[in-house]
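The residues making up each chain are set out below.
There are 6 protein chains.
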Amino acid sequence: MDDDAMTRFPVPDLDELPDDLRERIEDETERAGFTPNVFAGFAYKPSHWRAFFDYHDALVDDTDLERHEVEMIIVAVSGVNHCYYCNVAHGALLRIYAKDPLLADQLVANYRSADISEKHKTMLDVAVKLTERPVEVGDDDLQRLRDAGFSEEEVWDIGAVTAFFNLSNRMAMFADMRPNEEFHSLGRQRRDD
Amino acid sequence: MDDDAMTRFPVPDLDELPDDLRERIEDETERAGFTPNVFAGFAYKPSHWRAFFDYHDALVDDTDLERHEVEMIIVAVSGVNHCYYCNVAHGALLRIYAKDPLLADQLVANYRSADISEKHKTMLDVAVKLTERPVEVGDDDLQRLRDAGFSEEEVWDIGAVTAFFNLSNRMAMFADMRPNEEFHSLGRQRRDD
Amino acid sequence: MDDDAMTRFPVPDLDELPDDLRERIEDETERAGFTPNVFAGFAYKPSHWRAFFDYHDALVDDTDLERHEVEMIIVAVSGVNHCYYCNVAHGALLRIYAKDPLLADQLVANYRSADISEKHKTMLDVAVKLTERPVEVGDDDLQRLRDAGFSEEEVWDIGAVTAFFNLSNRMAMFADMRPNEEFHSLGRQRRDD
Amino acid sequence: MDDDAMTRFPVPDLDELPDDLRERIEDETERAGFTPNVFAGFAYKPSHWRAFFDYHDALVDDTDLERHEVEMIIVAVSGVNHCYYCNVAHGALLRIYAKDPLLADQLVANYRSADISEKHKTMLDVAVKLTERPVEVGDDDLQRLRDAGFSEEEVWDIGAVTAFFNLSNRMAMFADMRPNEEFHSLGRQRRDD
Amino acid sequence: MDDDAMTRFPVPDLDELPDDLRERIEDETERAGFTPNVFAGFAYKPSHWRAFFDYHDALVDDTDLERHEVEMIIVAVSGVNHCYYCNVAHGALLRIYAKDPLLADQLVANYRSADISEKHKTMLDVAVKLTERPVEVGDDDLQRLRDAGFSEEEVWDIGAVTAFFNLSNRMAMFADMRPNEEFHSLGRQRRDD
Amino acid sequence: MDDDAMTRFPVPDLDELPDDLRERIEDETERAGFTPNVFAGFAYKPSHWRAFFDYHDALVDDTDLERHEVEMIIVAVSGVNHCYYCNVAHGALLRIYAKDPLLADQLVANYRSADISEKHKTMLDVAVKLTERPVEVGDDDLQRLRDAGFSEEEVWDIGAVTAFFNLSNRMAMFADMRPNEEFHSLGRQRRDD
Chain A
0 MDDDAMTRFP
10 VPDLDELPDD
20 LRERIEDETE
30 RAGFTPNVFA
40 GFAYKPSHWR
50 AFFDYHDALV
60 DDTDLERHEV
70 EMIIVAVSGV
80 NHCYYCNVAH
90 GALLRIYAKD
100 PLLADQLVAN
110 YRSADISEKH
120 KTMLDVAVKL
130 TERPVEVGDD
140 DLQRLRDAGF
150 SEEEVWDIGA
160 VTAFFNLSNR
170 MAMFADMRPN
180 EEFHSLGRQR
190 RDD
Chain B
0 MDDDAMTRFP
10 VPDLDELPDD
20 LRERIEDETE
30 RAGFTPNVFA
40 GFAYKPSHWR
50 AFFDYHDALV
60 DDTDLERHEV
70 EMIIVAVSGV
80 NHCYYCNVAH
90 GALLRIYAKD
100 PLLADQLVAN
110 YRSADISEKH
120 KTMLDVAVKL
130 TERPVEVGDD
140 DLQRLRDAGF
150 SEEEVWDIGA
160 VTAFFNLSNR
170 MAMFADMRPN
180 EEFHSLGRQR
190 RDD
Chain C
0 MDDDAMTRFP
10 VPDLDELPDD
20 LRERIEDETE
30 RAGFTPNVFA
40 GFAYKPSHWR
50 AFFDYHDALV
60 DDTDLERHEV
70 EMIIVAVSGV
80 NHCYYCNVAH
90 GALLRIYAKD
100 PLLADQLVAN
110 YRSADISEKH
120 KTMLDVAVKL
130 TERPVEVGDD
140 DLQRLRDAGF
150 SEEEVWDIGA
160 VTAFFNLSNR
170 MAMFADMRPN
180 EEFHSLGRQR
190 RDD
Chain D
0 MDDDAMTRFP
10 VPDLDELPDD
20 LRERIEDETE
30 RAGFTPNVFA
40 GFAYKPSHWR
50 AFFDYHDALV
60 DDTDLERHEV
70 EMIIVAVSGV
80 NHCYYCNVAH
90 GALLRIYAKD
100 PLLADQLVAN
110 YRSADISEKH
120 KTMLDVAVKL
130 TERPVEVGDD
140 DLQRLRDAGF
150 SEEEVWDIGA
160 VTAFFNLSNR
170 MAMFADMRPN
180 EEFHSLGRQR
190 RDD
Chain E
0 MDDDAMTRFP
10 VPDLDELPDD
20 LRERIEDETE
30 RAGFTPNVFA
40 GFAYKPSHWR
50 AFFDYHDALV
60 DDTDLERHEV
70 EMIIVAVSGV
80 NHCYYCNVAH
90 GALLRIYAKD
100 PLLADQLVAN
110 YRSADISEKH
120 KTMLDVAVKL
130 TERPVEVGDD
140 DLQRLRDAGF
150 SEEEVWDIGA
160 VTAFFNLSNR
170 MAMFADMRPN
180 EEFHSLGRQR
190 RDD
Chain F
0 MDDDAMTRFP
10 VPDLDELPDD
20 LRERIEDETE
30 RAGFTPNVFA
40 GFAYKPSHWR
50 AFFDYHDALV
60 DDTDLERHEV
70 EMIIVAVSGV
80 NHCYYCNVAH
90 GALLRIYAKD
100 PLLADQLVAN
110 YRSADISEKH
120 KTMLDVAVKL
130 TERPVEVGDD
140 DLQRLRDAGF
150 SEEEVWDIGA
160 VTAFFNLSNR
170 MAMFADMRPN
180 EEFHSLGRQR
190 RDD
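Residue numbers (numbering that gives the first Met the number 0), protein chains in the order written: chain A, 0 to 192; chain B, 0 to 192; chain C, 0 to 192; chain D, 0 to 192; chain E, 0 to 192; chain F, 0 to 192.
Rather than coming from a laboratory, the hints here were simulated on the basis of the structure.
Since the model is a prediction, treat every value here as computed from it, not as a measurement.
One should not assume that every hint holds.
Identical copies go unnamed one by one, so any copy, or any two together, can satisfy a pair.
Claimed, not checked - Restricting the straight-line Cα-Cα distance to at most 30 Å, the calculated cross-link-like pairs of lysine-lysine (DSSO-like) are:
{"hint": "1", "residue 1": "98", "residue 2": "120"}
{"hint": "2", "residue 1": "98", "residue 2": "128"}
{"hint": "3", "residue 1": "98", "residue 2": "118"}
{"hint": "4", "residue 1": "118", "residue 2": "44"}
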């Protein structure tokens with residue numbers, strides 16, 4: 000794992016990690032071709048590593064939201080919070096899952112001017128409001144999501160992904176996690192080229 | 000479990016829950032004398048329930064921070080985020096763990112005027128900054144924590160508790176979770192009375 | 000009077016005060032069973048003491064607003080301004096006047112999730128807006144109050160109570176006034192218990 | 000009195016007012032050559048009129064601050080709060096009391112670029128902080144005032160004037176009080192011309 | 000030119016300037032009776048002087064907006080940005096072009112309480128939003144301008160004037176440009192007096 | 000030119016433009032291999048087009064700042080203002096001029112965590128402050144720039160570039176200018192690969 004995965008805490012050696020961490024990290028590394036630095040960073044504290052990735056996995060595995068919808072929320076929230084790690088790493092995931100080389104740069108800047116459907120604009124209206132001004136989120140915001148076509152459980156999931164990345168952004172910013180260089184350019188070619 | 004634990008999603012029946020949830024909830028209920036509504040609220044989605052409480056448990060169990068220090072962070076963060084559920088429920092826990100009937104009301108209002116040590120004031124300076132303006136958190140903030148006497152891992156934990164309750168506050172506010180009436184008055188008597 | 004009524008200015012002795020202050024303070028003390036610290040704090044400067052309590056008395060005595068409505072405004076405004084003294088002292092008064100042990104904690108956190116009528120939600124919408132963003136208050140805000148059923152003079156009074164506690168909060172925060180310990184638990188029992 | 004003194008509440012006729020109000024208003028009118036609209040506006044509710052002007056009088060009469068120092072605080076606070084009435088009416092008073100035709104326009108815009116002493120810059124630093132971010136005012140702010148040469152009681156008075164005009168600005172903005180046309184140009188000539 | 004035209008950079012001598020600058024400045028001085036300090040300030044760097052005044056001239060010369068409409072936008076934007084130079088210098092221009100001695104003080108304080116038409120209120124709604132929260136400006140804002148009666152090109156011009164004075168305010172504030180004393184009182188007499 | 004260069008105003012045909020615009024645009028197109036959309040967008044109004052690019056050219060041509068320093072300011076300012084067009088187009092220019100494929104994504108997110116020198120961190124501290132809170136920029140900010148090694152004229156230029164892109168961001172956001180697809184990936188390869 001990259002010693003420079005974060006600057007404010009030491010990054011442990013892979014072979015010193017508990018087996019469950021090491022195995023998952025080896026899987027991720029094989030899949031991506033590199034070890035995403037968030038795996039290296041959180042390994043500083045294995046109990047938090049497990050909690051963090053279990054929560055993350057629940058959010059992306061147990062939902063009817065499409066994976067690119069989840070990543071849209073993540074990138075819009077991270078753009079608002081100005082999280083370098085998440086902008087770049089989840090920006091790459093969004094480009095890949097949405098098969099869209101431009102959308103991540105749009106959402107990092109301003110979801111209001113992104114090329115997205117009205118349904119997704121409503122989804123991000125609520126996600127960004129819950130990020131910036133949670134005290135003002137009301138029944139009407141959840142109703143707008145339902146009216147846009149999201150099921151009750153999807154509404155919960157939109158809130159949950161938003162909330163989780165308000166955690167994730169803050170951990171990455173607190174520890175100064177650095178995105179792998181690969182993430183900056185992944186998915187920037189049009190698939191149909 | 001209280002049907003009114005939250006207003007924006009249905010609360011499931013206890014006996015419909017998976018065994019692991021039901022058992023933990025029964026334990027908590029026996030210990031507290033009532034079922035804290037956050038257990039009822041998150042039960043709407045068992046996979047999230049597990050992830051949430053596992054993360055929470057890692058934060059309070061695997062740390063050298065005293066439990067009342069953890070609760071101080073939680074209440075100060077929740078006060079800043081204006082989270083009704085967490086102000087009240089964790090206010091009660093703070094009164095109990097700190098054996099101090101006044102501290103929670105102080106931290107809900109303004110940690111700067113709380114009766115706390117300089118060390119804890121520094122801890123809350125950083126927690127509140129990471130909550131309100133994460134983009135401005137820098138090396139110097141972590142150094143201030145170290146200079147105040149926190150170990151490197153405690154510094155991580157301060158960031159982690161802060162980050163987690165930025166998730167937790169937002170879930171409670173999104174779902175409109177309501178604190179159990181018992182929490183409002185728990186721990187308000189002086190122990191030495 | 001409590002020497003610790005405030006931390007940033009000296010608290011005078013009761014028997015050194017002008018007669019009119021001393022008599023009113025003795026009355027208040029007899030009524031409450033203790034001397035609320037705001038009486039001790041303002042006594043630092045008798046001319047301001049008189050002006051402050053005369054204004055306060057005009058607001059609560061010469062109005063068609065119910066006393067618990069006045070206290071609702073005070074607590075919501077103080078919650079937004081993060082005033083420890085007023086949150087706690089007026090929180091107690093609100094619990095007593097509204098005969099509701101929960102409402103003050105709700106309004107300190109977020110009036111939007113309080114158990115209140117639509118009429119009172121509108122009242123607090125305007126009070127909080129006038130507190131946070133007075134530059135944006137417009138004719139339509141006053142019209143909303145009239146439409147909610149408040150008389151013209153009650154509309155004025157809602158503005159006046161809000162404005163006064165923007166003074167009061169700032170004086171309490173500037174002088175670091177401390178609520179009497181009694182206020183933290185007053186009115187927390189249900190009346191019908 | 001001018002019917003247009005404010006737009007959101009009716010202005011009473013002078014001869015319908017209680018004697019104490021009418022007499023004071025006649026005195027003010029004789030002194031100024033016109034009736035300042037704040038006297039007309041507050042006359043909507045005589046009990047508030049009395050409370051407001053008694054408080055005001057205590058602030059300007061019972062203080063060692065020079066009158067132009069009081070008006071400097073008022074104009075800087077009103078500029079920050081964007082209060083049209085107070086900018087203009089107290090701008091005129093400041094020009095007159097400070098014998099400076101430019102200072103009011105400077106303080107309405109930005110006290111940081113005003114032609115004032117370091118002592119007064121410190122005074123306005125604290126007044127503006129107490130206006131915008133009272134939650135952050137600390138012991139060190141009051142100490143800065145003492146270090147700048149203000150007595151303990153003058154420190155209190157700086158806080159008190161600031162707090163009062165956070166009330167006054169909000170009342171003027173809520174009722175939409177309009178400054179008399181005379182105020183716009185009063186004191187704009189250099190005295191030594 | 001006035002050496003005190005700005006405090007943070009030296010003001011060049013008029014006769015050291017390139018001919019094109021000197022000639023324009025002499026023209027302006029003849030017209031106004033004094034050299035507006037912005038001409039002196041920008042002369043610090045002739046290439047920027049030319050760019051700044053060419054842009055300015057394009058905005059006021061090539062537009063169907065009335066000159067007083069342009070100045071209304073400028074003063075409202077400068078009031079929000081708290082720019083002393085522009086408040087005062089363009090306040091004077093607005094008084095002259097609008098033949099209204101009060102409007103500038105109104106717009107510096109709060110365009111929402113100014114005596115202007117609904118059409119101009121809409122114009123300033125958008126100008127102030129583009130100044131304070133450009134990220135939130137949307138299609139609906141431009142549509143509101145069109146619905147208020149502005150042509151497509153006037154809509155562009157409203158955006159352009161707003162954008163330019165977000166530059167101009169920042170240059171004046173960065174260099175600490177000081178308005179000429181004359182500007183403070185120009186245009187304060189009613190024309191029909 | 001691309002009809003989709005902006006969404007809120009029509010884009011003129013190249014051959015309908017005045018000669019000076021057409022020639023410059025053809026030059027830029029030849030140099031870049033495509034017509035940057037800002038040239039197409041501003042062509043809506045040729046007088047503004049000329050003013051805008053003349054100002055831009057003065058900023059980048061008549062300065063001792065290195066071109067990559069200018070682009071660093073632009074990207075940091077655009078990131079703070081959330082301008083999609085400038086983030087992407089100037090992000091590409093920064094990657095090219097700085098020969099650094101990562102720096103633009105860092106500055107869009109948070110200049111405080113960018114891999115830059117202390118001198119450049121100071122430069123961006125001031126640029127971002129002048130963008131977000133111009134009212135607070137003081138002598139000490141300019142002094143910090145001088146202390147960091149910038150000449151007096153470079154200090155002016157840092158202010159000027161910042162101010163200009165507060166204009167440019169707002170025009171791009173107002174007209175909804177869209178970055179050319181090419182900009183998203185330009186300069187993302189390491190030069191030494």
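Tested hints:
no.: 1; hint: 98 <-> 120; result: within (18 Å within a copy, 36 Å between copies)
no.: 2; hint: 98 <-> 128; result: within (26 Å within a copy, 34 Å between copies)
no.: 3; hint: 98 <-> 118; result: within (18 Å within a copy, 40 Å between copies)
no.: 4; hint: 118 <-> 44; result: between (39 Å within a copy, 23 Å between copies)
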